[in-house]
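Enquirer: Make a model of the complete structure from these sequences and hints.
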Amino acid sequence: MDYRHVSHTVFKIEYHFVWVTKYRYQVLKGDIALRVRELVKQTCEAFEIRILKGVVSKDHVHILVSAPPALAPSEIMRRIKGRTASKLFAEFPVLKKRYWGQHFWARGYFCVTVGDMTEEMIKQYLEHHFEPGMTKDFEVEP
Numbered sequence: 001m002d003y004r005h006v007s008h009t010v011f012k013i014e015y016h017f018v019w020v021t022k023y024r025y026q027v028l029k030g031d032i033a034l035r036v037r038e039l040v041k042q043t044c045e046a047f048e049i050r051i052l053k054g055v056v057s058k059d060h061v062h063i064l065v066s067a068p069p070a071l072a073p074s075e076i077m078r079r080i081k082g083r084t085a086s087k088l089f090a091e092f093p094v095l096k097k098r099y100w101g102q103h104f105w106a107r108g109y110f111c112v113t114v115g116d117m118t119e120e121m122i123k124q125y126l127e128h129h130f131e132p133g134m135t136k137d138f139e140v141e142p
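Position 52, counted from 1, in the sequence shown is what UniProt numbering calls 52; the numbers after and before it change by one each time, with no gaps.
Fair warning: there could be bad hints in the mix.
Cross-link-like lysine to aspartate or glutamate pairs, in silico, EDC-like; alpha carbons within 20 Å at most [as the list claims (entries may be wrong)]:
{"hint": "1", "residue 1": "K87", "residue 2": "E75"}
{"hint": "2", "residue 1": "K12", "residue 2": "E75"}
{"hint": "3", "residue 1": "K22", "residue 2": "D59"}
{"hint": "4", "residue 1": "K29", "residue 2": "E75"}
{"hint": "5", "residue 1": "K12", "residue 2": "E120"}
{"hint": "6", "residue 1": "K53", "residue 2": "E14"}
{"hint": "7", "residue 1": "K29", "residue 2": "D59"}
{"hint": "8", "residue 1": "K87", "residue 2": "E45"}
{"hint": "9", "residue 1": "K97", "residue 2": "D59"}
{"hint": "10", "residue 1": "K87", "residue 2": "D59"}
{"hint": "11", "residue 1": "K58", "residue 2": "E14"}
{"hint": "12", "residue 1": "K87", "residue 2": "E120"}
{"hint": "13", "residue 1": "K41", "residue 2": "E14"}
{"hint": "14", "residue 1": "K87", "residue 2": "E38"}
{"hint": "15", "residue 1": "K58", "residue 2": "E38"}
{"hint": "16", "residue 1": "K12", "residue 2": "E38"}
{"hint": "17", "residue 1": "K41", "residue 2": "D31"}
{"hint": "18", "residue 1": "K41", "residue 2": "D59"}
{"hint": "19", "residue 1": "K12", "residue 2": "E91"}
{"hint": "20", "residue 1": "K12", "residue 2": "E48"}
{"hint": "21", "residue 1": "K87", "residue 2": "D2"}
{"hint": "22", "residue 1": "K22", "residue 2": "D116"}
{"hint": "23", "residue 1": "K97", "residue 2": "D31"}
{"hint": "24", "residue 1": "K58", "residue 2": "E48"}
By construction, these hints were calculated from the structure, which means they are not laboratory data.
Expert: Now the structure itself:
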């Protein structure tokens with residue numbers, strides 16, 4: 001397994017994100033698509049997020065990332081979408097005409113965690129790590 005290390009933490013946290021352009025306009029072509037790819041890479045590098053794979057399609061972006069535990073998925077998307085939108089509007093005036101409200105990306109995004117361990121593997125691991133006399137369930141009574 002490929003674990004990452006920071007100060008006192010060892011982790012492997014991976015997310016698959018998908019987000020779309022406002023109104024699903026197919027504007028991610030040519031120079032704009034290349035610039036989106038570069039801006040996403042720069043933003044991820046700035047926050048120690050590793051891009052494992054990614055694709056820029058005509059109206060949406062997919063990325064698979066490894067992120068530090070201090071960054072919530074919502075924070076990752078806020079930073080990526082915010083930085084890319086502001087820089088794209090500054091560099092491509094044609095986008096300002098298309099998106100007159102200064103919102104390049106649609107609201108929301110898709111996020112799913114990716115992992116190597118299944119629920120069954122975790123249950124088996126936990127079953128073998130109980131102290132004698134302890135219950136096998138971790139329950140909290142109301």
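Enquirer: Give me the numbers of the hints this structure contradicts, sorted from smallest to largest.
Expert: 4, 11, 12, 16, 19, 21, 22, 24
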